[in-house]
Structures are given as C-alpha cells and as structure tokens.
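J.: Now for the letters of each chain:
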Amino acid sequence: MEFKKKTKVSTEIPTASMPDIVFMLLLFFMVTTVFRQFSGLPVELPRAKRIEKLEAKKNVTNIYANVQGEISIDDKLVRVKDIALLMYQKRKANPKLIVSLKLDKNVKMGIVTDIQQQLREADALRVNYCSKYGE
Amino acid sequence: MLLEKKKEREVAIPTSSMADIAFLLLCFFLVTTSLDLDKGLQLGLPPKGESKPIPKKNIASILINAAGEVAIDEKETPVSAIRDIIKRRLAENDKLIVSIKTDRQTPYQVYIKVLDQVKMAEATKISIAEPEQ
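Top line first, the protein sequences correspond to chains A and B. Using the numbering used here, the letters of the first sequence map in sequence onto residues 13 to 147. Using the numbering used here, the letters of the second sequence map in sequence onto residues 328 to 460.
Careful, some of the hints might be misleading.
Footprint (simulated), chain A over chain B, 3 or more residues, beta carbon under 8 Å [unchecked claim]: (1) 343-356; (2) 426-433; (3) 440-450.
Bear in mind the hints are in silico, worked out from the structure with no lab data behind them. Backbone N, C-alpha and C define an ideal beta-carbon position, used for all residues, glycine too.
Taking the hints into account, I'd like the entire structure generated from these sequences.
T.: Right, here's the structure in full:
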C-alpha cells in the first residue's frame, strides 16, 4: 500500500490584508481624535477617590479658576457676574450641558460658591468637580 | 540599423511600503488621541429659589471652618471618620440629608475631601449650604 505524501502545510502568516487592517485602525483613530480646542488656566486639581467619568465630551463646558481669582471659560477670562449669562446661552443651545469645574485645590470656597450661585442662576445644574484620583 | 524593441514599462504602483506608511500615520494618531475623559465628583445643584423646610432630625450638617476643620452636628471630627459616621446615620435613617456648609475662606481641597467621604458613604441627598457672609 502506498502512502500518500503529506501535503506541506503553509506556515506563513498572510500579510496581504495587513494594510487594510491598519487602515481601518487608522480611520478609527482619525475619527476619534479631537485636537484640544481650549487650554484654560494651569490649575492643580484636588484629589478624591470616589470619582466618576464624564460621559459625553461634547456636552461639557469647563470653567477654570486659579488661586489668583481668575476665572476662564473657553479661553476667555470672565468676571464672576458674567458667568450666568454665558452659561445660560450655552444651556439654551445644549440642554444636556454639564459644567466641569476645574478649580485649583488651593482656591477658597468663596469663589466656588459664587460660581455655583451663577450656575444656579443660569439653570446649569449638572456640575462636576474635576479631580484626580488619589489621597 | 536594428531598431531596439521598446521595453514594456512597469505601470504598477509599488504597494509593499503602503503598510509602513499606514503604520506611521497610525502611530501619529495613537499618540495624539486623548481618550482620557475628565473625571470628578458629580453633583446636581438645586434649582434657583427652591427651599423646603426639612425636619431637623433628617439633617446631618457638616460644617467646615476657614482653617479646614470639620464638625458634624457640632462635634469636631477628622475628615477620614466622616464616611463611617454618615454611613451609620444613613443606616439609622434613610431619609437623611447631608448638608455641607463652608466658610468663604475654607480651602477647596478640604471641601472636595469631605464631599468625597460623603459620596463614599453612599449618601445621595447632599445639600450645599451657602456660606455665611
């Protein structure tokens, strides 16, 4: 009885479709990349443990405040009493608005309260105290 | 004279390096993409002009003074103990509302620490009282 010769199994990985895969990944990252629009003020965020992620970036408006008492929204320095009007317009354009407060950990609660009162005035009630994880 | 036969020209675009180019672009976008979303403590502010009288037994009032010292119902407490105290009081009374009151000079960091502790105690009804002027 004659044995059939074993067919040689190809051991090479097919690389012909690799560019397609890479291009697919590339497209994904190109679509998801958002170049930073606003940089804000340099602040040192406070630390907390029970932090949650903000879901939709497009609904978020950042308010920065530093120790010197400067407040910045969308790269513009604003006065406390102007926040209400500005946020009201944003709130009208997007009812799902979330305000992310990026405040320096050394600011005094006086400023925080003033900002909050302005936000209540503007009916922008979803607030996020931006903080880093840690002790 | 012998005419040379015209050589057939190669018309295919070389695609062997396409993968390399794609990888290069991919690397660039991988590096520049920031998938890190903002994280923080989330809170809903009360609508303007809303104030309801609440029976005093349902309130746990946390006071933070200008020096960052914390007191729960007039008893001075270290920040790290807030979680257990609030948890215990929530177990006794599930209608408990945690009220956080600060001074205008209170450091923001202490306020976040206290809020963090209260959130860790699974308290959902948190009220932010206005500081006294």
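J.: Taking the hints in turn, state whether each one holds.
T.: Right, here's what the structure says about each hint:
Only residues whose C-beta sits within less than 8 Å of a C-beta in chain A count toward coverage, and the stretch 343-356 of chain B has 7 of them, enough to reach three; the restraint holds. Look at the stretch 426-433 of chain B against chain A: 5 of its residues bring a Cβ nearer than 8 Å to a Cβ of that chain, three or more, so the hint holds. Only residues whose C-beta sits within less than 8 Å of a C-beta in chain A count toward coverage, and the stretch 440-450 of chain B has 5 of them, enough to reach three; the restraint holds.
In the structure shown, no violation is registered for any of the earlier numbered hints.
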